[in-house]
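Engineer: Here the structure of chain F is known, so what remains is to put chain A in place on it, guided by the hints.
What follows is each chain in one-letter form.
2 protein chains.
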Amino acid sequence: MWGKLQGAIDRFSKIAQPGEEQEATNSKPRKFTYGRPEFLQLNDDEVQVCQDIYTRPIIVPRDEMLLLRTAGYAEVINGGKSKLNEDQSTSKQFFIKKKSVRNGAASTEIPLEPIPDGGPMNEIPVTYFAIFDGHAGPDAAVMASKLLHKLIEEKLNGVKDFIFEIAGPTKGQLGESKHDSKSISIHSLVIGALEQSFISMDQQIIDEKQNYTISGGCAVIVALFLLGKLYIANAGDCRAIYCNKKVTVQLSNDMTPHYERQRIMIQAMTRPELIGEDFTYNEYTRRITRNDIGKRILYRGPMMTGWSYKVADEDDLKVPLIFKLGGKSRLMQTIGVSRGFGDHDLRVFDSRIYLKPLLSAVPEVKVFDLKSNVEDAVLVMASDGLWDVITTEDVRTTVYNVLNQSRKDDPKRFNAVAQELVMQARGTPIHGMNGWTKKDGTAGSFDDITVLVIPLGDGV
Amino acid sequence: MWGKLQGAIDRFSKIAQPGEEQEATNSKPRKFTYGRPEFLQLNDDEVQVCQDIYTRPIIVPRDEMLLLRTAGYAEVINGGKSKLNEDQSTSKQFFIKKKSVRNGAASTEIPLEPIPDGGPMNEIPVTYFAIFDGHAGPDAAVMASKLLHKLIEEKLNGVKDFIFEIAGPTKGQLGESKHDSKSISIHSLVIGALEQSFISMDQQIIDEKQNYTISGGCAVIVALFLLGKLYIANAGDCRAIYCNKKVTVQLSNDMTPHYERQRIMIQAMTRPELIGEDFTYNEYTRRITRNDIGKRILYRGPMMTGWSYKVADEDDLKVPLIFKLGGKSRLMQTIGVSRGFGDHDLRVFDSRIYLKPLLSAVPEVKVFDLKSNVEDAVLVMASDGLWDVITTEDVRTTVYNVLNQSRKDDPKRFNAVAQELVMQARGTPIHGMNGWTKKDGTAGSFDDITVLVIPLGDGV
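Order-wise, the sequence lines are chains F and A.
What the first sequence shows, in the working numbering, is residues -10 to 449, in sequence order.
What the second sequence shows, in the working numbering, is residues -10 to 449, in sequence order.
Just chain F, with the same shape it has in the complex (with noise of 0.2 Å):
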């Protein structure tokens, strides 16, 4: 088993076998045509010339296109790991809505509780952006980018009748005496609904399988401005962080399996049979040999963050379930990342155990307040292709000198940053090889890389 499939393990993927569509091709049609994020607005021949494996052209939206909040954008497709470029990205608002329970325009929606009177406040708008990466086939990204904002819509509309009784005037009394909801904020609630969003948008793809070809898997990450606070929900290594002019704050977690250790652990633990025969739960210092058996050696099991010692035996010698290979933790010797939608159908090489049980769509969410600190401050999201050879410190370097040299009012110039954050990763091709090589000369990034670069404050 051991090895088996270290050769097979491209060090550009977040899949061991690189290329390999999971779903086989077959007679299903796809639900949505594959093409790079609408609010880039390109044509077939555009799509096709962002397709450019060799050029690697860095694509930002044209000039009349301006995202919401003046948000800049730039992507490259990868230096040759697949054919397309499988990370995709959505920019939206939309409103939570009073009315239309209050007239009884969605006549179909029960009603949570009736909605208190009066009030200012008749919409809450919600600013959504998302990066999504996929990996193993574009299908599953290219679905999330189309139809995860209108979960979030739906899930936000319906607790709209909790929030719009928090926020408005009637606030505290009703609050508590009419929904025993002491401990229901509006944050929990914007929460609840991105996780239960995320949850129904892998479900949807379970269902639609049935109909479509829905290839791969992807990781998502998602920033939401709502009511003067920044939500990020992420479920995958695609990372936020925020930078002021002095320093730089990571906003989500990497979920890699060696992130979800504990997580992972304990549920092949309660279920063995989801990790099969030739995995093991326990972890070792080093590779356990046939020579090993019958001596001492260092382990640790689940739920075990310590080092401790047993005699080995036979069943030492199977692989970890969560392993490092070519410099990742892998889950399996298969996938680098724990959270996500799709990849139903992913298995371990060569054998019948799935990944998907032990995978989750639910995302981690963190709450920003945006009243203070964000006077010069940007909100940077980027797909793993940035970070992989990018350090935090060294994109906030790269914004505010970008922004240094360019006019307060120039509203492209949060393209400018996202373009050279682009670039510096993607490098220059080296001449004559299948490399790429950033200017301090280590090797450039040959991902996929999509990178978002929204102002938070109004100093910037």
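To be clear, the hints were calculated from the coordinates, so they are not data collected in a lab.
Hints may contain errors.
Where chains are identical, the list cannot tell them apart; a pair therefore holds if satisfied intra-copy or between any two copies.
[Said to hold, decoys possible] DSS-like cross-link-like pairs, simulated, lysine-lysine; straight-line CA separation at most 25 Å: (1) LYS284 x LYS87; (2) LYS234 x LYS401; (3) LYS299 x LYS135; (4) LYS88 x LYS299; (5) LYS284 x LYS139; (6) LYS355 x LYS139; (7) LYS299 x LYS86; (8) LYS139 x LYS218; (9) LYS86 x LYS284; (10) LYS135 x LYS81; (11) LYS72 x LYS135; (12) LYS198 x LYS17; (13) LYS313 x LYS299; (14) LYS284 x LYS88.
Computed from a predicted model, the values in this text were never measured in an experiment.
Structural biologist: Just chain A now, kept in the frame of chain F:
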């Protein structure tokens, strides 16, 4: 189902069926005779006196029986929730010995690795304090108080070669080349030894139940002083705090079903058969009734941290897996503590559902450096009998009030502190009533109370 148990719930008890020993009295002998902590050196008559639930005498060590580190200790029995004081405590010193392997004394032992030559250190002293808070019978706590430190000694000595190598003069070089142990530090080995010995302790209870009566379960907290570091290993709802003249810092998290919600929910979701037909792993903001069916309600599922909505159905009438009853969160309406030893026979009242698969014996271990900030500091460890009625801040005030009134060279001053803390938590009997009241008029603790006060520096 709802309310069926509520009448049986005693707010003083960690278990919803107070007084009921989980194991039917049968012909099996007890492995250890019930008694009070060994360091108190009480004879049978004195043990009897300790069990007076009407006068509730506060017990401290005799003058000549000083604990290690001149630590203070005090205990008192509960006000009637059980016949015996089910708390136990242990204080021991033992050693990690280089020699026993080298001269082959422990010849049955399989050496982990040959140890390097030289180095002045031949043994590492380890100072151990523990509190065990039993429930539903005294045996698990008694047994663990007699055996846990031996297991820890065994597990630490099992990795002694590593510990001496890392701590010794040949450090760096050997540590990396011989063992692939780059990431193995002494503290990760101590944490592993603690985790492994807790797991072994619980397994030993299972094994010995074949031949002995071992009733109930227990929470456990351990403080280990080793090579300039303090390790706090906690499995249950005992608690350790650091305090100096200015601040208190909680050194352990109370392991309740509420705190451990995610671990427990994931296990239940992964194996729903563990929770039977009467419980649900969804949570609600209020009790759901038959009137709610078909209407939208707020809920959250496993792995969600926010609240969302769903249309209520029959399943939502089930009892939430983790729910606050009588002010404390309980798992399946039964137990208020989610980690510890024993409880292997504990079932949900009037059902076949066992609690144990959702409980854990593994401690959460935290490490604190004793090189700085310890001059005037003390460690206070106590069962929940103390923490239920006194805030950490009030504990700190009392500690320094008593210490300031005593001479620094009085070796018994920490006993005086422990005694005063127990006194304050117990309070005084309410004349003619089965209750106790604190100085401020609020209810005193009706529970067993055990307090250890351990100086951390020389300047206290």
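Engineer: Measure nothing new, just compare the shortest in-copy and cross-copy C-alpha distances for LYS284 and LYS139 to 25 Å and report within, between, both or neither.
Structural biologist: between (58 Å within a copy, 23 Å between copies)
Engineer: When Cα atoms must be at most 25 Å apart, do LYS88 and LYS299 count as within-copy, between-copy, both, or neither?
Structural biologist: Result: close only across copies, 21 Å inter versus 65 Å intra.
Engineer: Is the C-alpha distance from LYS313 to LYS299 at most 25 Å within one copy, between copies, in both cases, or in neither?
Structural biologist: within (22 Å within a copy, 40 Å between copies)
Engineer: Can you give me the call for LYS139 and LYS218, within, between, both or neither, at a CA distance of at most 25 Å?
Structural biologist: within (20 Å within a copy, 53 Å between copies)
Engineer: First find the shortest C-alpha distance between LYS135 and LYS81 inside one copy, then the shortest across copies, and answer within, between, both or neither for a cut-off of 25 Å.
Structural biologist: within (11 Å within a copy, 64 Å between copies)
Engineer: From the Cα coordinates, with 25 Å as the cut-off, is the pair LYS284 and LYS88 best called within, between, both, or neither?
Structural biologist: Cα proximity of LYS284 and LYS88: across copies only (20 Å, versus 72 Å in one copy).
Engineer: If the cut is 25 Å between Cα atoms, do LYS198 and LYS17 qualify within a copy, between copies, both or neither?
Structural biologist: Classified as within; 9 Å inside a copy, 59 Å across copies.
Engineer: Check LYS355 against LYS139 for me: Cα-Cα at most 25 Å, and say if that holds within a copy, between copies, both or neither.
Structural biologist: Within. Shortest intra-copy distance 21 Å satisfies the 25 Å Cα cut-off; inter-copy 44 Å does not.
Engineer: When no copy is specified for LYS284 and LYS87, does a C-alpha distance of 25 Å or less occur within a copy, between copies, both, or neither?
Structural biologist: Between. Shortest inter-copy distance 19 Å satisfies the 25 Å Cα cut-off; intra-copy 69 Å does not.
Engineer: From the Cα coordinates, with 25 Å as the cut-off, is the pair LYS299 and LYS135 best called within, between, both, or neither?
Structural biologist: Intra 51 Å, inter 24 Å, cutoff 25 Å: inter-copy only.
Engineer: 25 Å Cα cut-off: does LYS86 pair with LYS284 within a copy, between copies, both or neither?
Structural biologist: So LYS86 and LYS284 pass the 25 Å test across copies only (20 Å; inside, 67 Å).
Engineer: How would you label the pair LYS234, LYS401 (within, between, both, or neither) given a Cα cut-off of 25 Å?
Structural biologist: within (20 Å within a copy, 56 Å between copies)
Hint compliance for this structure: every hint is met.
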